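Undergrad: The lines below spell out each chain.
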Amino acid sequence: MRTPIGYSYCSLRLSRVLWRGRGAILLSYEPHGCVLPEFRPTQFAMFWVPGLEAIPLAPIYASRDRIDFLVRLRGSTTKSIIEDPPRRAGVIGPMGRSFTPSARSMLLVAGGTGVASLIPLAAWAAREGTRVVLVYGARTESELAPIEQYLGDDVELVVATDDGSKGLRGTAVDVARAAGLEDFDIIVAAGPPAMICGVYKLVGSQGLLNKFYASLETIVRCGMGFCGSCMLPCTSSLLCREGPVFPGTVLGCWVEEECSLA
Amino acid sequence: MRTPIGYSYCSLRLSRVLWRGRGAILLSYEPHGCVLPEFRPTQFAMFWVPGLEAIPLAPIYASRDRIDFLVRLRGSTTKSIIEDPPRRAGVIGPMGRSFTPSARSMLLVAGGTGVASLIPLAAWAAREGTRVVLVYGARTESELAPIEQYLGDDVELVVATDDGSKGLRGTAVDVARAAGLEDFDIIVAAGPPAMICGVYKLVGSQGLLNKFYASLETIVRCGMGFCGSCMLPCTSSLLCREGPVFPGTVLGCWVEEECSLA
Amino acid sequence: MPRPAGFRANSGCPRVESFYYQAGCLFITLKPTAQKPGALRVAVLRIHVAGLELEHPVMNASGILGSSPEALGRLARAGASALVTKSFTKEPREGYPTPIAVPLPYGLLNAVGLSNPGLEGLPSLVKAARRLGRPVIVSIAGSEPGEFAELAAAAEEAGAAAVELNLSCPHARGRGLELGMDPQTVGEIVAAVASTVKIPVLAKLGLVDRLVEAAGKALEAGARGLVLINTLRAMAIDVYAMRPVLGNRVGGLSGPAIHPVAVRAVYEVYREHNCDIIGVGGVEDWRSAAELILAGARAIQVGTAIVTRGEQVIDEIVKGLENYLNEVGVKSLEELVGAAHKQ
Amino acid sequence: MPRPAGFRANSGCPRVESFYYQAGCLFITLKPTAQKPGALRVAVLRIHVAGLELEHPVMNASGILGSSPEALGRLARAGASALVTKSFTKEPREGYPTPIAVPLPYGLLNAVGLSNPGLEGLPSLVKAARRLGRPVIVSIAGSEPGEFAELAAAAEEAGAAAVELNLSCPHARGRGLELGMDPQTVGEIVAAVASTVKIPVLAKLGLVDRLVEAAGKALEAGARGLVLINTLRAMAIDVYAMRPVLGNRVGGLSGPAIHPVAVRAVYEVYREHNCDIIGVGGVEDWRSAAELILAGARAIQVGTAIVTRGEQVIDEIVKGLENYLNEVGVKSLEELVGAAHKQ
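Chains as they are written, first to last, in the UniProt record's numbering: chain A, 1 to 262; chain B, 1 to 262; chain C, 1 to 343; chain D, 1 to 343.
Chain A with its partners taken away, still in its complex shape:
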């Protein structure tokens, strides 16, 4: 039930395990006796695993009657999800702000589970007529989730693996560099901090930081912004409210903490 307070809780039941990769799994859930709230691009959810805890996850796909999550090994809860996907679960959301900029062209640079956040954005933007290039990097083929199903025909997907086992050999950052950043109105990165740092440095060195956005991760507890856990370093921005996508120009402290710029 959609609540007057903007957030809602909905019970989920596992409908399919869509993919198992190295240290990752792609799960499809359906609402159970409730209607899923609308998730707009880059909004995320708290995914509750009964008996364990709730973790912040951006749905890789969400509609009224289906929600898919890409889960990567991080700690004990994600380990349990991967080993034994919960048949029953719950979802709280939507959290954060949607990021839906109008642009002629958009370069999305994704690594790891970061791709989950960018796929709804890519699909949405392509439908809006934006030229979308999605760079999806991983260490090796077995880590690449089958994301094509979510993208539609109009997103240009460029896959890269560190070992060259699939797509281009190299990192997502390498591919982004080669893609010619100046051709894009908007550049968005989502993934491991090192990757985001790489793109940050790249766009910064080319003087393109004003085009750059990053989908970040912080510690998320309440997910609604009141507990303060998701505060971005030395800003007053709450990831759960103004995020998860932030413009490059406010990332200073985050970069300070996460990236070695030396």
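Treat the hints with care, since some could be wrong.
Partial list, derived from the structure: chain C residues whose beta carbon lies under 7 Å from chain D [claimed, not checked]:
(1) M181
(2) M242
(3) G320
(4) A339
Computed list of lysine to aspartate or glutamate pairs in DMTMM-like fashion (alpha-carbon distance at most 20 Å, straight line) [said to hold, decoys possible]:
(5) C:K342 with A:E30
(6) D:K342 with B:D183
(7) D:K198 with D:E53
(8) B:K79 with B:D183
These are calculated hints, taken from the structure and not from any lab test. Given the structure is predicted, the values throughout are model-derived calculations rather than measurements. Even glycine gets a Cβ: it sits at the ideal position worked out from N, Cα and C.
Dock chains B, C and D against the given chain A, drawing on the hints supplied.
TA: Same frame as chain A, now just chains B, C and D:
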């Protein structure tokens, strides 16, 4: 605010005293910081007088931003209302079921405050294309509220006073008898018990009870049917839920109690 | 004209559908005599609670349509598995001035004031209600153990299936929540009643600090089950009239607003005492009923939802629970009682 | 590359709007230094409460954006008239496992678990928060009088304008509602704090049986004001997972669902003690705020509505109250405090 539970509370402020009659007053209120719920024909309200109590009243007129009440002297609360109309009040509603039958022709027989219940019905039915004759009786002219403003052009109003000071001389029942009951698809009476009894006897004696409906009054406390005060004698009908309009064929016990049929 | 006998309220009237006079004659329509109200439920929902055997777990809450046989008849026809009367006190009570009920955005605020005909009116109501073919649970409210015992004895004699001790009315001074706040008093009242009557004794407790302890005292003293919870003491003020709206100023809040509080109360009491509980508080659909059952309730009372959605909500909840049992693949409601406590 | 100094959280960062690196250079955007957040309110809403002089009566409730200077800065910019910190305990606390907040149809259920950096983190937060130019009310939670006193002393030293004693957290064993349930304990804790610090002491009490008595003890012991009420102990169960959803299983219910209960609590305490009260519970607009004021509150805390509607709700309520005062023709909020008690 209209609540999910069907009933709502709304603050009122007095906007005009429309009429003062003998032992009666016609008041116009507007909602104060809230939206009035919709009152359909014959539905009623609990009208709260701060510092006194709440009394059941059928609004003689109700829209989203105005609600008019005809109040007649009955006891201490109505006395206070008539002497000193409350500038601030509250309304709880809507209560009861709307009575909106489709018919080619309808005879409405009203006395006293009963007219408040029938005026929205008359106006509605006339708009629906029904031929509506409203007989409005009182003892004397000074008791007749200025109801014309609420009726529109298509309702045929027949006024009667016991003393002939206005309209026909005689009771509403006399007029109804003279009107030719068999010409109407539906006959509705609302007013003092003696009047309803008169119409009941009249229609019964002509074998027309199946066309007859009465808008009754009972003790109303919660107004929502749970306290049971408004139970119609020896039926399981609650005036606040199935009423206030009941078909003639279920009025047996009410007639037993209220009318001397000898 | 001779008065038709035996049609008046309280005396067999329910069997008369209607009667009227027309063209000098008296016409009477009779109801089918062997009226079997409500659909026969499949056995999955059958449940024993506090010595009562119920077709399914859904009944009315006290104070909702429980003041006359006709009102209880509506509940029976709507399919309630048991019929709970309005609270009886020893002396008749008029109740509070109106308004006695104020709708709020997420609940209902009421202060009826325990209006009832007193001990004298108890037997006739219970006897008439028994003809409806459902266990009749008589709610009683007193100010001290003897009064409760006297009322309970009258209820038993009249044929009540159980008595529900109202130890939690949030707006009746001296005969409500104050009693329930003190576990010792709760124990004494329950003991007095349980030693007087043989029918099951249910203690209805409200939201009090020492609820778990009071529940324990009630059980020790012989309560066969607990009814949890009553309304929450609350108030609404009209900001322009600048006065509390209820005639009694303070009343009890019911409806969806209090449901999470009821779930918690049932959960905590069940965890400690593993006893028979009838859950009440904001149940408006099968899901809110199921939450109380998973928390530990064996049966459910519905109050505000009957007011706001009509009596048919009872049947909707019953059907919804049937579907739910199928969905989660259990064969008996029993298996779900307190299931949220398993780890 | 040298690290830019003085920009980190907790150390003056609020004056830096943003900084970033581009093309090898560090770019810094500074905020205007003499930032005067929030519109200047007209005087009608100015109010004294418990020794604090406030521009208007609306502030945040403890636990809402009160864990860092940046979070409090958001509230200051949104126009809160005072800034209430999250509760500090002596030792740091991690808090409960997630989920710590579950949205319900008519409220929010939470069990954060008093997560906070402990006494050690108190001074830096308070000192930084003071720069926001609003009275800082430091919420503290302990298990016995000495602990409360120690925390209060630290708050005073750091420059707090007042301390709010959390005697009502519904889900922190031994340091919450249990304390508030016992008027004696309430009195002892308040006395210990009031004899230690000179700044005003506020006692935040929850829904307990002997609320009026506990309030009296707090006032006797030196509390300058009361904060009423806290969340209600409650639970939500997922009917398919068959488990309580909150990590801590039990939590506190806030939001519109509890507002009528808060109005009643404020009304009853004010009637008895005619004291300074800050009302909390389900305030989501000027009207729900006005109800608490008419019941007896001199100021209002907003919690759930900030979560569900954003910080701008503070300003909406303030503006709404201004209009309301005009509408009812009073010149000062003062005139409305407790007005619902007049007959």
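Undergrad: Honestly, which of those hints from before does the structure not fit?
TA: Numbers 3, 5, 6, 8, in rising order.
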